[in-house]
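Chain by chain, the residues:
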Amino acid sequence: MTDMTEGYTTADGRRIGPVLMDLRNITLRFGGVEAIKNISFDIREGEIRAIIGPNGAGKSSMLNVISGFYHPQEGEVWFRGRKRPPMKPYEVARQGIARTFQNIALFEGMSVLDNIMTGRLTLMKTGMLSQAVWWGRAQREEVAHREKVERIIDFLEIQSIRKTPVGRLPYGLKKRVELARALAAEPKLLLLDEPMAGMNVEEKEDMCRFILDVNDEFGTTIALIEHDMGVVMDLSDRVVVMDYGKKIGDGTPDEIRNNQDVIDAYLGVSHD
Amino acid sequence: MPEQMLFATEAALNGLMAGVMYSLVALGFVLIFKASGIFNYAQGVMALFAALTLVGIQTGQIPFSHLINAIFGTDLHHFGWELPAIVAIVLTGLVMILLAVLIERIVLKHLINQEPIILFMATIGLAYFLEGFGDLMWGSDIKKLDVGLPQGINETIDRVTYDAFGYGFFIDNLDIVATVVAGLLVLTLSLFSQYTKYGRALRAVADDHQAALSVGISLRFIWILVWSIAGIVALVAGIMWGAKSGVQFSLSLIALKALPVLMLGGFTSIPGAIVGGLIIGMGEKLFEFFVGPMIGGATENWFAYVLALVFLVFRPQGLFGERIIERV
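For the record, the sequence lines run as chains A and B. Under my numbering, the first residue of the first sequence is numbered 43, with each subsequent residue one higher. Under my numbering, the first residue of the second sequence is numbered 1355, with each subsequent residue one higher.
Quick caveat, the hints were computed from the structure, so don't treat them as lab data. Bear in mind that the values here come from a model prediction, so they are computed numbers and not experimental data. Think of the CB as a built atom: it goes at the ideal place given N, C-alpha and C, for glycine as much as any other residue. Treat each hint with caution, since some may be false.
Pairs of lysine-lysine residues, derived as DSBU-like cross-links and limited to a Cα-Cα distance of at most 35 Å, are as follows [as the list claims (entries may be wrong)]: (1) B/K1498 with A/K79; (2) B/K1463 with A/K130; (3) A/K230 with B/K1463.
Facing chain A, a subset of chain B residues (Cβ under 7 Å, in silico) [what the hints assert, rightly or not]: (4) R1554; (5) A1558; (6) D1561; (7) D1562; (8) Q1564; (9) A1565; (10) L1567; (11) I1571.
To spell it out: a stretch of chain A is covered by chain B in this simulated footprint if at least three of its residues, at any positions, have a beta carbon under 8 Å from a beta carbon of chain B; those stretches are [said to hold, decoys possible]: (12) 136-142; (13) 188-199.
So here's chain A without its partners, still in its complex pose:
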């Protein structure tokens, strides 16, 4: 591989920047079980980075480490050139890392609009007192944030369900609302945990398009976990492959496709 400190240019001509997040020798244990074994990889600015692997490979654990839900016993997390101390999930979110969940974690009782508005909580600056009387600054701020949210709603084509309580939406739309909420935070790094799981072909195509558009229009860096190999190979610039908590491959989709370890892990070989 060539020297990449300043980034690289993709096959379709997009410019990828320097390293945004660097994970160094991460090891995560649950009791005696090692979910992640000494894994290192980086995510670059403007990149779509995929993490793939068979069930139980530790992909979701990895995402949880990045978003602060899990704390690795060993290793370092570097974000925007700085080593990150152990942080609570909400602190990570405030640093500009937004995420979606494999099993969708939305506020079911709230409307689509309110759900997406919560994504902007960290960007709202007015204090307690101003909020309590809800006058002047607080009100102006709310209106400004509403405009941003409406733009995201247009972008993801969910205008018609703005006022619907999320609990009443079908699965595919919930996934889209969750993406909208994460986008509303204007994240520097967007983490998507199986954004297409459980969707039909049409919904998958929509979601693919949205992910590419988000990356393209907002320049958002995206790290995603996905099972559908076709999707991963089409979407991502670089792919990390995990198996049994270990990293067995890292490179462009083409390199991964021809990696013997990866082929073995997916097709299965006898280990004797």
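With chain A's structure known, arrange chain B on it following the hints.
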């Protein structure tokens, strides 16, 4: 209108207003339960503590004076001031917020991710601690709470109804004030939760902890916020009940009257707490009026609980509670 109907209407009106007082207490429970899934057994004691503190501050009592006197052999009792009611109420509100911060720091912080039953036990402990602490701080004698709320029969209603029906309704001024205050409180709370960022964060936490964390909401901050609000609600309830029947230990037992209200209205619904309170209040008075004489009276002591029991059988989530759906 026949006389019987007039009496019944008066009883119903009085019941509605008594119901508002129940709702005030139930409201505090609902707020905390919604945001954190904790059934706060200490809510009643918080109302007592708030009322004690209010009286203490207003009349210029020296806190812990009994303790100080016993240890140092001094004879301190009063600072010698008498504060205006509004100042004392604001100061007490600040004390309740401080209490919320301390409860989070000392108790809840260490119990994150524990079973609800453990948190419930912690609030029982809190209730007994607070009860003793309040006594130690302000003394255990019965106190009179006077913040200048009007009391006694409302002459206007009495006169108007007398002119119209030939029978004057007895409606207590304090009950009218309580109704207005409770209405304002609920209005403020719902505006706060609908339109402010903290309100939205509060609803978010009530809905899904994990998702709330992922959008950058600090659970601990929200808990402090919600316990503060519950503390303020307890203060309002403490003022109303204290003005009605004096500040003493039995004030904390109003929590028991809030239980059937919650079962009726649902543990997670603010409108439910209000409607539940009204139904219980009115039901109690009407039942006593119509059925009481047939079975020897004193039905008000148990009617609310039996009604709640009936509800538990047919609609366990309450009138407004979230539907309980078990997925298999």
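Each hint, compared with the structure:
1. A threshold of 35 Å between alpha carbons decides the hint, and for B/K1498 with A/K79 the separation of about 68 Å lies outside it, so the pair is violated.
2. Taking the CA atoms of B/K1463 and A/K130, the gap is near 14 Å; set against the 35 Å cutoff, the hint holds.
3. With a C-alpha separation of about 31 Å, the suggested pair A/K230 and B/K1463 falls inside the 35 Å cut-off, and the hint holds.
4. Hint status for B/R1554: holds, given a least beta-carbon distance of 6 Å to chain A, under 7 Å.
5. Hint status for B/A1558: holds, given a least beta-carbon distance of 5 Å to chain A, under 7 Å.
6. Nearest Cβ of chain A to the Cβ of B/D1561: about 4 Å, under the 7 Å cut. The hint holds.
7. Interface restraint check for B/D1562: the shortest CB-CB distance to chain A comes to about 5 Å, inside 7 Å, so the restraint holds.
8. With a cut of 7 Å, the hint placing B/Q1564 at the interface with chain A holds, because the nearest CB-to-CB distance is about 5 Å.
9. Using the Cβ-Cβ criterion of 7 Å, the hint placing B/A1565 at the interface with chain A is satisfied: the shortest such distance is roughly 4 Å.
10. Interface restraint check: B/L1567 against chain A, minimum CB-CB distance 4 Å, threshold 7 Å, status holds.
11. Because the beta carbon of B/I1571 sits about 6 Å from the nearest beta carbon in chain A, less than 7 Å, this interface hint is met.
12. For the stretch 136-142 of chain A, the stated coverage by chain B is satisfied: 3 residues place a CB nearer than 8 Å to a CB of that chain, which reaches the threshold of 3.
13. Given a C-beta distance limit of less than 8 Å, the hint that chain B covers the stretch 188-199 of chain A is violated, as 0 residues qualify and 3 are needed.
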